[in-house]
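Protein sequence lines correspond, in order, to chains A and B. Okay, so the first sequence: first residue is 1 according to UniProt numbering, each after it adds one. Okay, so the second sequence: first residue is 1 according to UniProt numbering, each after it adds one.
These are computed hints drawn from the structure, not numbers from a lab. Heads up, some of the hints might be wrong.
Just some of the chain A residues that point at chain B, by a computed CB distance under 8 angstroms [what the hints assert, rightly or not]:
(1) Pro-201
(2) Lys-202
(3) Asp-204
(4) Gly-341
(5) Gly-391
(6) Thr-424
(7) Trp-651
(8) Ile-656
(9) Arg-658
(10) Ser-660
(11) Ile-665
(12) Ala-668
(13) Ser-672
With the C-beta cut set under 8 angstroms, the calculated list includes, among others, these residues of chain A facing chain B [as the list claims (entries may be wrong)]:
(14) Ser-90
(15) Thr-209
(16) Ser-212
(17) Gly-548
(18) Glu-550
(19) Gln-551
All values derive from a computational prediction rather than experimental measurement. Don't be surprised by glycine CBs; every beta carbon is placed ideally from N, CA and C.
These are the residues of each chain, in order.
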Amino acid sequence: MNIQTSRRRFLTGLIIAVALPGLARAQQKSGAAAFFNELPGGSDEMSANAFIRVAPDNTVTVLIKHIEFGQGPYTGLTTLVAEEMDADWSQMRAAAAPADVELYANLAMGMQGTGGSTAMANSFMQMRKAGAGARAMLVAAAAERFGVPVDQITVEKGIVKAGDQSASFGELAEAAARQTAPEDPPVKDPGDFTLIGTDLPKVDSSAKTDGSALFTLDVYRDGMLTVVVAHPPKFGARVASYDDSAAMQVQGVRKVAQIPSGVAVYADNTFAALKGRDALTVEWDESEAETRSTETMIAEWTSAAKAGGEWEVEKSGDVDAALTGAEIVESTYVFPYLAHGPMEPLDAVVELRDDEAEIWMGSQMQTGDQAIFAKILGVDKVDLHTMLAGGSFGRRATPDCHLAAEAAEIAKTNGKGAIKLMWTREDDMQGGYYRPLTVHHIRAALNEQGGIEAWDHGIAAQSVVIGTPFEQMLQGGPDFTAFEGANELRYKTANHRLRWAKMDSPVPTLWWRSVGHTHTGFAVECFIDELLEKSGKDPVEGRLALLGEEQAREKAVLTRVAEMADQSGDFGYGVAVVKSFGTYVAQIAEIEDRGGVPHARRVWCAVDCGTAVNPNVIRAQMEGGIGYGISAALHSEVTFDEGGLIRQRNWDSYRILRISEMPSIEVAILPSTAEPTGVGEPGTPPIAPAIANGWRRMTGTALRRLPIIPVA
Amino acid sequence: MPISFTVNGEERSVDVNPGTPLLWVLRDELRLTGTKFGCGIAQCGACTIHLDGMTRRSCVTPISMAEGSDITTIEGLEGPEADAVQAAWRAIDVPQCGYCQSGQIMTATSLLQQIASPSDEDIDNAMAGNICRCATYVRIRQAIHDAAKTLEG
């Protein structure tokens with residue numbers, strides 16, 4: 001990843017909050033690092049500056065430009081600042097930064113947003129520079145106060161000292177604010193880190209344990225109406241007509257209105273809104289709707305994958321020649337549409353005033369959402385509060401900003417006042433933006449030594465990006481999110497070809513935790529495992545032999561996980577290694593037969609994500625990523641009946657992992673001084689192929705269609 | 001007709017449609033937002049509360065059934081088991097997104113009130129109705145064991 005940096009992006013000035021207004025409720029047990037549910041202080045003041053506020057009460061608040069939905073940026077980015085300031089962890093606070101593309105852009109994206117496991121990677125130097133700048137200003141203030149040169153000053157755990165004189169950050173805050181911010185302050189040598197690399201307690205655990213953490217759904221405004229929307233039952237359908245006479249009879253329903261995405265029901269409370277929607281009668285125009293069944297689509301996708309597709313993504317050597325007359329090994333892999341299913345369904349609160357709007361939302365692309373609100377509402381000023389979100393896994397990062405658009409249309413139709421748009425679980429399951437239905441077809445030929453003579457790979461999938469506002473990033477090329485992980489094939493092949501067939505459907509698709517690697521990791525790792533088994537090779541040794549010098553980090557995690565794994569039991573053992581988003585993860589799963597389907601008892605996981613900022617958070621992300629991957633491997637799929645109706649409605653029909661299916665997990669983090677890479681996604685891709693490989697080696701049955709346990 | 005009950009030790013009375021799920025009364029009327037909406041059909045456990053000392057899914061409990069009952073939500077959860085569970089949750093940083101955790105903690109506390117030293121199987125059975133999409137299950141299991149040890153003293 002090439003992260004552009006500039007002096008502008010290293011703005012290091014301090015805002016000194018003289019007093020924290022009452023609305024700022026620090027979510028903490030006394031004496032612990034914590035976060036604010038709402039950013040303290042006025043937004044005008046904040047928009048003038050960047051990342052750090054030191055308050056007279058000796059708290060240091062770090063403004064976090066990335067949304068927190070479980071992957072730990074509130075803790076991780078706060079750690080970077082605390083490290084460079086030499087602060088005490090207990091005085092640290094995190095708060096969501098306001099939406100501001102100038103100040104808070106993701107340096108890997110050029111807009112404010114979170115995705116691609118980039119939060120730590122793009123912030124690592126930026127937040128350290130911010131912390132170092134704040135420290136320099138506090139030191140300069142102390143030098144004046146103590147009457148000593150700055151080089152006689154030391155800082156430790158939030159105390160600034162020279163000889164027998166000392167002051168806390170809080171005591172120095174006002175004087176520090178008058179110092180000039182250094183433009184490019186030096187940062188620590190990694191050998192001097194005292195906080196980075198330690199298991200600091202997370203800033204948000206306490207508030208997420210006593211119910212005080214506020215999510216978008218928890219925002220209530222005076223006079224606020226709750227709104228639910230009747231969405232089309234098929235993708236591509238539109239409202240033809242509706243009858244709201246029964247809905248308007250429901251006590252508490254205030255209004256029913258057609259908006260571009262459906263029919264909105266406005267009510268005094270949630271129950272009235274839901275009852276009102278139940279009472280609506282809507283006729284849908286299905287002339288443009290997707291009406292194919294899932295089985296029909298899979299048949300079409302499979303033909304396209306076998307044909308190869310119009311996009312030749314990669315080619316080396318002459319695959320056709322190498323396959324001609326050779327003994328061919330081939331497999332087809334089928335992956336369903338997947339809903340992300342964040343525990344908090346999508347929601348947003350909009351308060352529209354005369355010429356401005358205030359938004360509360362678990363926005364994953366803040367400045368995109370902000371622009372949509374401004375455009376639809378016709379106001380210049382949009383204050384967007386990024387709320388904690390109850391999971392996302394990609395779901396809240398929609399290039400078309402459809403949720404913001406829907407909320408804005410609802411607010412616009414309502415006029416001045418506050419509305420809360422709430423999606424139900426059914427809206428979420430049936431609302432699209434799925435991981436694309438994808439079919440892989442791979443043909444290969446081995447040479448006499450077991451080397452891969454040819455590997456011909458076809459992938460059929462819709463594009464997540466083409467046709468959206470993000471299309472320009474492809475610069476006319478193919479959508480890499482459809483095949484990433486199958487390109488730049490890590491295993492040595494004499495002749496290689498990768499082709500992508502772009503499929504079309506009105507079903508909206510989206511990145512889903514680890515994006516293309518959700519399926520390429522499975523296809524590549526299951527196929528290579530079959531090839532190795534055919535040539536009688538050990539899954540670890542065989543992989544190591546096919547990896548080259550440039551795959552040193554893949555080899556290291558593979559070697560490490562093989563050392564960790566106790567493979568002595570009477571079970572199946574499956575291996576997989578996947579690099580995604582710059583992070584290398586190898587896993588070995590211990591598999592037992594639980595009623596004819598694989599159950600992972602134990603999983604060993606080795607990860608190399610560069611510098612480990614908070615090892616405990618990294619382990620947690622590996623654990624969670626593995627659990628998320630097992631859900632998809634075993635249970636999850638969205639399917640359509642002939643005619644296009646969606647079969648799944650809620651957790652009863654879209655099944656995900658429960659605690660009894662969770663393996664025990666042991667994680668090893670490889671020591672590294674490389675720049676940190678992300679951990680939110682890379683834990684997910686290896687687990688499904690590790691399970692499938694263990695099952696195949698145990699039972700002889702290859703699993704080539706997910707989920708393993710289809711919907712009844 | 002107002003419906004009266006006790007929430008977290010306080011007498012409360014609401015005048016709403018008697019079919020309204022307790023979840024929406026707690027949230028919309030009483031602004032106790034720690035109890036979450038996840039599915040509306042008792043499949044995920046995010047809305048778990050204690051009603052007369054037993055866990056209950058507030059999303060499928062009509063408020064009419066709560067007349068005269070004693071309700072505890074995450075905001076009012078207290079006692080040795082609750083303290084041990086919440087401390088264990090914080091100690092190993094169980095939550096990720098955190099949205100389901102109120103429900104997890106309500107169920108875990110109830111489990112320890114009934115079984116002082118639960119086995120893995122007891123935990124799997126008791127917690128089976130609480131989905132965590134972040135899959136923090138490894139730590140949930142660990143934290144319950146840790147809390148049980150704390151309570152043993």
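Q | Proposed interface contact between Ile-665 (chain A) and chain B, which counts if any beta carbon pair is under 8 angstroms | A | This hint holds: Ile-665 (chain A) lies near chain B, its Cβ roughly 6 angstroms from the closest one there, short of 8 angstroms.
Q: Using Cβ atoms only, decide whether Lys-202 (chain A) comes closer than 8 angstroms to chain B, and label the hint accordingly.
A: holds, 5 angstroms
**Q.** Per-residue hint verdict: Thr-424 (chain A), partner chain B, C-beta under 8 angstroms
**A.** holds, 6 angstroms
Q.
Holds or violated: the hint that Ser-672 (chain A) contacts chain B, with Cβ atoms closer than 8 angstroms.
A. Given a least distance of 22 angstroms, the restraint on Ser-672 (chain A) is violated.
(Q) Hint Ser-90 (chain A) vs chain B: min CB-CB distance below 8 angstroms? (A) violated, 14 angstroms
(Q) A closest beta-carbon separation below 8 angstroms is what the hint needs, so does Gln-551 (chain A) meet it against chain B? (A) Since chain B brings no Cβ nearer than about 29 angstroms to Gln-551 (chain A), farther than 8 angstroms, the hint is violated.
Q: Grab the minimum C-beta distance from Trp-651 (chain A) to chain B and call the hint holds if it beats 8 angstroms, violated otherwise.
A: With a minimum Cβ separation of about 4 angstroms from chain B (threshold 8 angstroms), the hint on Trp-651 (chain A) holds.
**Q.** chain B contact restraint on Ala-668 (chain A) - CB to CB distance below 8 angstroms
**A.** With Cβ-Cβ at 15 angstroms, over 8 angstroms, it is violated.
Q. Can we keep the Thr-209 (chain A) interface hint, with Cβ of chain B closer than 8 angstroms?
A. holds, 5 angstroms
Q: With chain B as the partner, please determine if Gly-391 (chain A) meets the hint condition of a C-beta pair closer than 8 angstroms.
A: At 4 angstroms from the nearest chain B Cβ, Gly-391 (chain A) passes the 8 angstroms test, so the hint holds.
Q: Answer holds if the nearest beta-carbon of chain B is closer than 8 angstroms to that of Pro-201 (chain A); otherwise answer violated.
A: With Cβ-Cβ at 6 angstroms, under 8 angstroms, it holds.
Q: Using 8 angstroms as the Cβ threshold, decide whether Ile-656 (chain A) counts as touching chain B.
A: holds, 6 angstroms
Of the numbered hints stated above, those contradicted by the structure are hints 12, 13, 14, 17, 18 and 19, listed in ascending order.
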